[in-house]
Structures are given as structure tokens and as C-alpha cells.
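Using the sequences plus the hints, can you model the full thing?
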Amino acid sequence: MFYRAARRLPTSYSSQFLIIKRPEDRILAALAVGVAIFLLPHIASTYALSTLLVPFLIFSISAIGLNLLMGYAGQASLGSGAFMAVGAYASYKLATNVPHIPIVLDFFIGGVAAAAVGIVFGLPSLRMRAFYLAIATLAVQFFIEWLFSKVSWFWNDHASGVVSTPAFSFLGVPIDTPIKGYYFSLAVVALMTLLAVNLTRSHIGRQWMAVRDNETAAQLMGISITKAKLSAFAISSFYCGVAGSLWAFVFLKSLGITSYSIDTSFKIMFMIIIGGIGTIMGSFIGAAFVLIVPILLNMIPATMSLPLSTGVLACLEQIIFGVFIVYFVIVEPQGIVRSVRNLHQKLVAWPLTVNR
Amino acid sequence: MSLDLQFFFEVLISGLLTGVLYSLVAIGFVLIYKASGVFNFAQGAMVLFAAMTLVGISDLGVNIAVSALLTIVVMVVLAYCVEFFILRRIVNQSQISLFMVTIGLSYILLGLGQLVWGAEVHSLDVGLPVGQFVVGDMFINQFDLSVAAICGLIVLALAYFFQRTRVGLSLRAVADDHQAAISIGVSIRNVWIIVWSVAGVVCLVTGTVWGAKLGVQPALNLVALKAMPVIVLGGLTSIPGAIVGGLIIGASEKLFEVYFGSIIGGATESWVPYVVAIAFLLVRPAGLFGTQELRRI
Amino acid sequence: MRNISPTGADTIIVDDVSLRFGGVMALTGVSVKVREGEIFAIIGPNGAGKTSLLNCINGFYRPTSGSVALVGADKPSISVSSAARSGLARTFQNLALFRGLSTVENLLLGRNLKMKTNLLQVAMFVGAARREEIEHRAAVEEIVHFLQLQAVRDEPVGQLPYGIQKRIEFGRALASEPRVILLDEPMAGMNQHEKAEMSGFIRSVNDKMKVTFVLIEHDIGVVMGLSDRIAVLDHGEKIAEGTPSEVSANPSVISAYLGVEH
Amino acid sequence: MKPIRQPVSIAAELPALHRRDIPGVGISAGVPLWQVLRANAMEWSGSTAYRAKLRGLWKSWTWAEVEREVVSIQGMLAQAGVRSGTMVAIAGETDPRLYWYALAIQRAGALPILVSSRIDSSEFAGVYAKAEFAFFVAGSEAQVDVAVNARSRCPELRLVIALDRGLEVDDYGGLVVTEQDLRGVDGARTRVEPWIALQTDPAVAISTYDEAGENILVVCSHASVGKAAKEFASLASMKANDELVSFLPISWFGDFLQFSAALFERALLSSVENSATAVGDLQVLAPDVMLAPVSFYRKMLSRIEVNIHHSSRIILWIYIWSNSLAARASAHSAKFGRAGFVHVITAQLLDIIFRAPLRNVIGFSKLRSAFCAEGILPPDLAARFKSLGIDISPIDLDPRYGGVLGSVACPTPQSDPVDVVIEGVELIRNSAGQALCRSDFPAIGIVESGGMIVPLKTNAGGWGRASIFGKIDKTGTLEFLEDIDLEELEDQTAASLRAHATRLNSELLIRNSIFRPDGKGDWVAVINPDVDALRAISPNSGSRYHELIEQEEVIAALAGIIRKSNLASQKDAAGISTQISSFAWFAKPLSAEEGTLTRHGGLQHKQIQSLVPTSVMETGSVNVRMAQMPRLRVA
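Chains as they are written, first to last, in numbering that gives the first Met the number 0: chain S, 0 to 355; chain X, 0 to 296; chain U, 0 to 261; chain E, 0 to 634.
Every clue listed holds true.
Below, simulated DMTMM-like cross-link-like pairs (lysine to aspartate or glutamate); rule was C-alpha separation at most 25 Å, straight line: (1) 209/U to 37/U; (2) 207/U to 170/E; (3) 207/U to 119/E; (4) 266/S to 119/X; (5) 207/U to 140/E; (6) 58/E to 154/U; (7) 115/U to 176/U; (8) 58/E to 141/U; (9) 32/U to 184/U; (10) 226/S to 131/U; (11) 207/U to 180/E.
If we take Cβ atoms under 8 Å as the criterion, some of the chain E residues that face chain S in the derived model are: (12) 56; (13) 57; (14) 283.
Bear in mind the hints are in silico, worked out from the structure with no lab data behind them.
The C-beta atom is built at its ideal place from N, Cα and C for all residues, glycine as well.
Encoded structure:
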């Protein structure tokens, strides 16, 4: 009853480009943004900021990245973690060896490096389909992990494999406290989300979806499969790369290959499967979901005073995520976003049922 | 025979024998893929799960043979659950989403295994011979040889199972053509259960052997991941492919590690198999023994 | 049935094309000349190699021997996408739509080759990119209007009825403003009413936009009514070519059909 | 045509045009429509007058814009050679410009001839033979093609003005021009003085059909159009700034009158994109008054019904409760002349919690259709929607158009039927006691009502509703029918049809069947066949439904059944015997879920396959479509 269909008359094609179509939703979105900017940082404890919100923002970037590749271009990838690593190490090398250039540029170049790697490892996608490709991307994952654990040049030949990242400042403001980190990553997320949305609603996004839905027909439209797939890989990796750099510089303040392991890759994939494959919104929902569940789990023993060891909790977490994946792929392949959309339609149609 | 040549052969043979271990896992993959068209990422987890169950039960003081039987029962139950909760619900979904499901499955199994039997390393001794004996002037690991023998036995057993028994025949029918099989009245669900059970048994054997070699621990899962390059290399649907693939992978990773790995920092086994597999795939997208299905326009 | 066959210049020249799959000869020495602005039908029993011929023309298959030339194309259409660039559009016997996308998006993809803005512009989505999007959307709406697709404008095409999907695919071919459209059984599985509608669309596009058509169709009634010239294939060989009346009079054609009638 | 008079400036008479001080009168009926438009433009220049969906986008025009548009169109037409007395045919659908052209043509003193948008070239030639128009305004490419095909039979046809050419390019040797081309001509914008018409001057000619299905041309004077429009407005209780929806072929009389009514009441008139999108567009448009063929209107209503019934239990409960409450309220008010206090309150509450959202959804604020009869709707449905604030006015049903104009409720039959005076119609009894009626212009009521029972309006006691029942055919002969008991007549027909239904439905081949008039006094049986049974008798049992219904054997079988039923009807005809002239079937088999078929069950022309006359069946040669097929067959 809050949503209404009546008297909403589209009067120009550009009105189709509105990112959020319904005014009601626009209000909601505005509220959400307002909360994210003004309320959250101040009500949230430093702990929550640094262990929940910042990771959420960073992971939603990489989730968007993977979603562009898997959801829109339909190319399965298990190597997102590796691409994050590439980004992180690239910007680390840059930041440490060329200290004067602004940090944002570092991150950008980190992303570009990841994109380059992405293109190289995207090449197999031209010959391979489905899980063959997935295996190929596993190769990326393992190779990159090995590379950054063995070749000490990447972390400036420090004794230990884990090095601390240099402190940095943005526009003269040192990003040192969690709040600043939060705002910084929020800005980055906002920008990259906008870009992603633009891509997906443009003809480039359509080309990706065309390749996903029907390669033969896509060729027929004069789409170069090679270009489409590689561009998808490049941009996806770019997003992951930037996320990787943020992860090292803003969240961990240190750099080690262990935080970009295959588990990370899986985590990101879970995010988009649960959140909603092929939708930008889904990336956010998924990220939030995947990050919040473990925290809730850890609360259980405290609240219900159950004697559960952390090891048990870890196992439970694994099982739960496994169940979620199976559930969503089988029951709701469109992810949580789908359910949200249905709710919207129901609201619009109230008190009638959604026709069709 | 010159020393380095001898050394080469030693490396090669040990590689081949490791490859046999990979093949063991891969055979399970192939069985499941042939029967239910599922690319079972959870294979490694199943191996680990089987091994842990075995160890766990025997640690309760149960005779090893009995606990093996019990484990088999568990694997059959598992197979039934998989059929009931997953397979019958995901008919006509895209292969990649089936793949996703099995990733979820592997998480469940890993979690379950560790939840029930604990995450610490168990040593497992099933009385396989250790030590080495000498052929010519080469040292060969008896353990690996016996593993090879076991592998051979399994292949023979499977061959008998599929060629001679009724179930095996119906299973082959299903593998060849689902619709046809259904139309001649093969209960596809039963076939699924059986195959997953058989795969479970194979997993148990594999797990036992691996466990005896490296000790039963979650890390086994990662080792089992290598079976994936093996099967894509061998071509998903053929057991000989799985074996040959295993041998190739095993040999190549060992040789590479020994001759180049040291130069570039070692521990290259983690990725070399994949690179080899991809190299093959780029030449033969359907793998060594796989058959290329042609697209109809 | 109309017999005024336009005296246009040859657009597509299929010269002595043979196609072999392993042991099977799909086509043996087929030569066809399609004239500018005509509706050219290819008929024949099932498995006569009709679709293979179409696939040769727009580059899905490379002929084992012989050549296919699209007159006025910058280069011989060796690949599918280059064929598309040189103004060749195509629909399929069993639809090749982008099932996940809406009708409008499918049609917009038809105009893909006309979209020039690059990644950066698109990422900003202001100025050129926006203008381009709007302009092509307008062009697509023309087709939506022409094919009466307004009701399904924003529906995902996957769930739409078969007849509509056929129409959308036709529209997608149209959207690329091609010189030649290859139609593979455009009316398969339609009822008489839908067939009439479809041939109406084909005819008026041919009349008004001067688009050349090459079509495969089983409904002889439709073919006779619609096409200017007909080529008859049987077992991969061309057994007749000419106006509808000539073809239907041709004894070898009749025998070929009666031979396989059931 | 009337002799040419000199145009005079209308500035003088403008004040007289709107006498808003006198309530309920407004602009007097005799004023030509374009003057009404101008009056609106002067008083409410800013407010929106028309809305239309073009290429998926909604465009809207204010009264002032429309006025300017009409003037420029007149200039354009004058440039093209339209003079006073010229005849200009118009055909098209759902495009407000069509109306504006009509106004511009009237403004030029010429006569607009409204032609059905679904006309074919031979009918077109027929209309031409009657009117010999030199100009033709074509709403869409379809009509252009019709005109082009008919050009050989229309020697005087000089110019086809195409409003929407789609992808078309060919101008057929200068015959076809687009609007843009004409605007291009220099001086197209030269302002031409309007033509001042008398009330009795012909305002519009409408090409429609008489009861025999023959194409006829109805000419109406400004006065009659105005009166009819106002009458219609009151019938649909239309108010200023009401929103109307129109998507009917312009030639449909009701459509033109709706347009003029909207003009008089200055209501906002929206056109949906096309009939396929109508339902969706309606939800967005949220109109106050909808004018639609009964079939469509019923579809809307029943769809809402179904929707509500499938929505949550609570909502259904509120819905039913609110309806019963509203019903009680109306009963109460009927009894005591005012609604009970409690009822009013609760009704208000319900309106807020239930109907308000319902409105937002369906876009029905106080949706009415003047063309939807209580008798035609399933009664419970009608009752429900009355209680939803949708009041439905009774009207006669014409099989082809789903409704006709001029059915005004006539509560009190006048005592003395003879001295009836109809506007411009004169009634006399001849020696045979038969009443003859002479009219200087064919009035709407008369022509539209060909062969039907119409209540005629008298001016006894001003706009008193006193009336007589008479039957007037298009020659103008009126015979009185007081002695006929209409209900009785209706019942007998219904009974006979029911008998048909039972006979047909008892057959294995036929699931169920409904009947609708074929406009020639006989009936069309629309059959929902049992597909499996059809397969059983068809030579190729594998064939699909749409193949099945074209097979000779199937058609022959069905025809046989119907012939049997016809004979039976003749034999045991108690009173009236109905005959089935032809039968049709649904384009796709109706499942049980798609609702049982009532006599008026949601059925549309486009759902029906082409008619197969039973007579054809008798002569054995079957299915013309197949006969055309060349001998050679595909495997």
C-alpha cells in the first residue's frame, strides 16, 4: 500500500536510466545513504566499524567485481582472491618504492595490474566452458598464492612474509582511525558501484549478458566474444584488485598472502550466490550476509551460554554456509535480491496478487 | 646407467606412483560425473570425510575391519542424503550451478567431519608395507607400489561391477543416455544412490591410503583438489583417462619440482598440475579421452 | 502468389558450394544467386541441407569447396561477425534469443554494431553514451511499434509465447538495418493466423525497406504466396530453381516430395 | 452540402459560449466542437487536455496547445486544398491527433468522415462511393495500404495524409504524404479564418453498419452531436477534469461521442498504446471513466475479481464485507432517501483502508463504463462493482461493437405515446395505424439503433425521461411495441439457446459452447472442443490443436453436430426457435481454469478462429484455406 503503480507515466527514455525506478525506493535509498554517512560511524563501536563495516564495504567491491564476471558475463571464476592479491601487492610495491604519488593512484594502478593479470588468465575462457574454466581459474589462485609466498621481491625481501603497509593520507587527511578508513572506503565503494551500474545498463553490459545467454547469437550481433569475455575479466579483476589494496591498506594495515587464499575466493563467490547473481544490489546483500553470519554464530555461546569452542563454531560456520549455498542454488537461484524484488511487486500490487 | 638418468627414473617412478594416488580420487569423480552429470567438487571432502570416519570409529577401539564396514554404511547413507536433498531437486539446472552445489556440499562435509571427529591429525596404520626395495640400482617405495596394486584392484573391481552386474549395466545405460535409460525402466534415482555409494567406497579406500601416507588431516582436502586437473586432463568420463591423467600429472609435477622448482623457490606442486591440465585443455578442450560434443545450430 | 521478380543485381553468390561432415555430404555443388531486393525461398525435405546452406552463407560453416560471396561486403564473410558487419542478419529454426533479457534489450543488441561509445564514456554514462543509448532506444521503439510488440516491451523473452519470440527474433534481425535477412523457418509451429501476420511483416519489410530475404519454410502455401524465386534442395543438391509456378510444375520436385511423403 | 456562407468572426459570440453561471448547462449543445475547444483553451489554457502513449512514452497536450495545433492543421489542410464543403475521411486508432484533424476539418467548414480503422480496401471503396472524399487521413500504415490498394476504385482521392508511417518510405507517386511533408510546405502555418456553422449543419459523418451488416454513412448535425455528447456525459456522470481512457477505433460512434463529451466537460482524455497494452496502461493511467467494448470491460472486471480472490484471505474478507456493507448502505438510502450514518462512517473507513490502495493498483478511482450493461455482467460481479463505486448503466448490446449509444434509462413510460417529438424527427401515424417518422437529418438514435429496441426521448416537460418503446429501422419507419413483453421474448430466446447448449455440450467432441448474435438474427456458436476427442476422429492423431481445427474431418463432424442441433431446435420450438448460422472455436483450447463459459463469458473476437458457416459444410466442400494449397506437399 506504500507502493503504487497508478499515475506513473514515463515521459522520456532517460527516465528508464534511473538507477532506482520507484520514488518510494529512492526515499529508502536516500535514508540508507544518510544513515551510512551520518549515523553509522557515530553509533557503531570502533570494534564494529573495523571488524564489520569496513570489511563489508571492501568485500562488496570484490563481490561486485565477481558479479560482473560471473553474473553478467557468465564466466565462472574461483580466482577472485588471487586478483585481490595482485592488486594489493602491486599497490604495495608502488607505495613503498614510489612514495610520492597519491595513494588513490596506487590503488588504481593496483587495480590495473590486476586487470592485466585478469586478461592473461582470462584467455582460457575463450576455449573452455563452465567448470573447465572454473578449474583454470583455480590454477590462477594457486599460482598467485605460490608466487607471492615464494618470490620475496614482492614484499621488498622482508624477513617475514607478512609486512605492514605504509600509513597513507587522502587529500592531506591521514587515514588512520577506523572512522576515516570507513569514510574512505565508503567513498570508493560509492564511486565503483556507480561505474558498475553504468556499465551493466550500457551496451557493454548488454554484450556481456548476450555472451552469457547465447554465444552463437552474440556472434551474430557482431559482438566479438573475445573482447566481451576479456573485458569482463579485466574489469572484474580491476574491482577485485582495488578491493585487495583496500583490504591490505585500510583494513589489515598489513600484507600477507594468507588473507587472499582460496577460502577468500570461495567466500566472495558465496556472497554473490547468496546475495543474488547478476545484480549489483545482490553483491551488497551477499557481502553483508556472509560477514554477519559468523559474527552472529560467535554470539551464540555468549548469549545462550552454550559451551561451544571456537573450533566447533568454525565447523558450524562451514556447515551453515554449505547449507546456504545448496539451498540458494537449488531453491532461490536468484538469491536474496529475488525475494526482495518479489516483496516489492507484492507491495505494488496490494491488495491484489501479482499478475503473471 | 648414468647417475642422473637413474635419478631421473627414480623421480619419474615416484611421481608416477603419487599419480596413482591422484587417480584413485579421480576415479570417484569420473564415476559420479558419468552417472549423474555432476562435477563433484566435494570429492576431496568425501575422501577426507571417509578417512576421518574410519579413523574416528577405530579410535573408539573398534576393530579396523568392522570400522571400515561401518564407514561404508555411513558413506551409503551419505549417498542417499545427497540423492534426496540435492540430486532429485536439481534436474535440468546448468552444469555450473551443479558445480556450485557440490562446493556447498564439500563445505558441509568438511565441517561435519571436523565437528564429529575433531580437526587434529590422526595417524592411520592399515598395515601397508613401508620401507624401500631396490630394483637394479633404483630405490622404490614399497608403500607406493602397494598403493599402485590397490588401485589396480579397484579398477578391476569396478570393471567387473560395471561389465557383469545388473546394476552396473543399468548404470552404464544411464551414463550413455538418461532419457533412454528411464524409458527402459531404469530407476535413475536408485542408480544415483548406488553410484554415489560406490564412489563413497572408493573414497574410503583412497582416504585410507592417503591417511596412511600423510596422516588423516584436513589438509588432505587440498591434496585431493589436485584430482581436478587430473580428470579434466583425462576427460571427465573415462576411467582410463583418470588413471593416465593421474600418472601424467604426478610425473610432471614431481619432475618439474625436482628440476625447476628448486630454482624458483620450490613447492611448485600446488599449481603445476593445473597449468599442465590447462595446457592440455587448450589443445584438446575435451581432455585426453573425453569426447567433444559438437554444437548444433 | 506474386511473380513480379525484381531484376536487381546479385547480392549473394553461392558458387558450387560443397560441405562435408566427416563422411556425410551435407551439400554437394550447390550454386545459388540471390538478387537484390527479392524474397528467395529455399525448400526441400527434412535433412536436405537447407540450414547448412544458410550456415555457409553467414559463416557458421566454412564450405569444404566452393565459395560464398556477399556482393558489396568489404571482405568476404568468412566469420559470422564479419558477415554481420557487412549487413547480413539471421534468425534461427529453434530460436537463438537472449532469454534472460527483455524484448527491448534483445532489439538493442540487434543494434549493437551501431553503438560506438567506449568503455570510459559508458562508465560515466553522461553525454555521448547517454545520447547514444536514447537514440538507439528510439530506433528500437520504431520496430516495437512496427511488429506490435508493445505489450511485451519489458518482459524477459524466455517466458514469452513461441510466436512472439519468433517475432522478436525477426525484430532483432531488423534492428541491425541489414541488407539481407536469412530466415530459418520463421513460421515453424505457428497457427494460420500467426503465419499470415508474419508473412505480412516480411512482405512489408521487403517492399518498404528494400531488404533482401532468404528464407527456409516448410509451409508450401506460405512459400508460394511469399517468395519471388524458390530453390529446391534434396539430399544436399539443388534439383530446381525458379518462380513458384515453375517450381511447383517441375516434375523432379514433385517426385522428390512424393518420394519422401508420409 | 449546404450553400457556402461567408465566414464571420466568432469573437462576438464567444461570451455566449460558456454560461457557467447556469449550473449543469455549460456550453450550449449547438456549438461546433472546435468552438468548444477554443472556449476551453481560453479559460483553462494551462490544464492538460489529452494524453497519449507514443513509442512507449507518454505525451500530453494542454487545451491551448491543442487549439493551436488544430488551427495549424487547418492551415495545413487549406494549403493542401481542403475547402468548406470538402469531404475528408479519417481512419485510425487511439491517436488523439485523429480527433484534432476532425476538429480542424470542421473548422474549415469541411465534413470529416470517420471510417473504421479495421476497414478493408473494398469497404473503403464502398465508403468512397457514398461520399467521394478527396482527402484521407490515415492513422497508421495499415490504413495507408488500404487506401493505396483501393486507389483505382477511388478516382477523386487526391491525397492520403499519413500520421504515422512506421518504417514506410514509399510515397506511391505523391498519393501519400506525411504530416511533416505537409508542414514543410511554405505558408502551411498561415492562419485561416474558421468557418461558422449553423446548428443544423452536418458536423460529422460516421461510416458504420446497419443491422444487416451493410456499411452505411450516418450524418449528424452539430446540434445532435452536441446533445448526444452532453447526454452521454450525464450518462457516464462525467465531470470537469475527470480522466477518460479511449483506445477504440475512432469510427466507433461511442468513441467520437466520448471525445465530444470530454470536450464539452473539458475532461482529460488519454489514449492507451494499443489493445494489447490496454490493461497495463489502464493500471498506470488510473482513469475515472473508461469507455470500452463490453468484452474488454468485463475482462478488466473479472480480472480484478480473480486477483482479489487469489490475494490473501484477509483482503478477500474485507472485500466481501465492504461490499455487503455498501450494498446495505445503498439499500438503506433507497429506503429512507439517505444513507445510514453508521454505514457512511464504516464505508469511509473501508474506503481508506481498502479501496484507496485498490484504486492505486488498478487505477480505478470511480471507474465507470457507460457501455457495460448490468444484464451482461455476471450479476454478482455487477453488484460487487456497484459497491466498489463503479456504477454500470444499462445499454443495448450490439454483437459487433459491444454497445451502442442512445440508451438512456427510461423509468416512466409516458401515458400517451403518439405525440412524441424527437429533435429533428417527426412522427406521424399513417392510415394503417403504423407510425412513420421523418427526419431532416438521420439522428444518431435512429440509425445506430437499426432493428433494435430503443427508447426515444421526448421533450415533454423539458428533459423529462418520458418515452415510448418503438422500433425504428433506417428507412425511418417506426412501429410501436408496447404490446410486446420484452422479458418474455428474451426468456424464450435464452431458453432455446440453453437447449442448444445442452445438446452441443452433450456431444463428446464439445466441452462447452457459448452463443453470440451474428447480427443477422441468427447465432454464432463458439465452441470449446475436447482436444482428445478431436484427435480421435482426426486422420493424424498426432496433430496439434491449431492443426486439428483445420482438418476437414473435424470441421465436418462439428458442423454435423450443429446441424442436428438446429433441426432439433426447429422441431421442439416452444415459442422462438434459434438457429446457429455458423460456428467458431477458440484460437487456443480453454482449460477449465480459464473459467466456465457463460453466454457472455469473457470472449473476444481475436480469440476466435475465422468463422466456418454451417451452410458451407452442407455442400461437402470443406475448408477453403486448404483448397487454395498447391498440390505439392511437404514431408
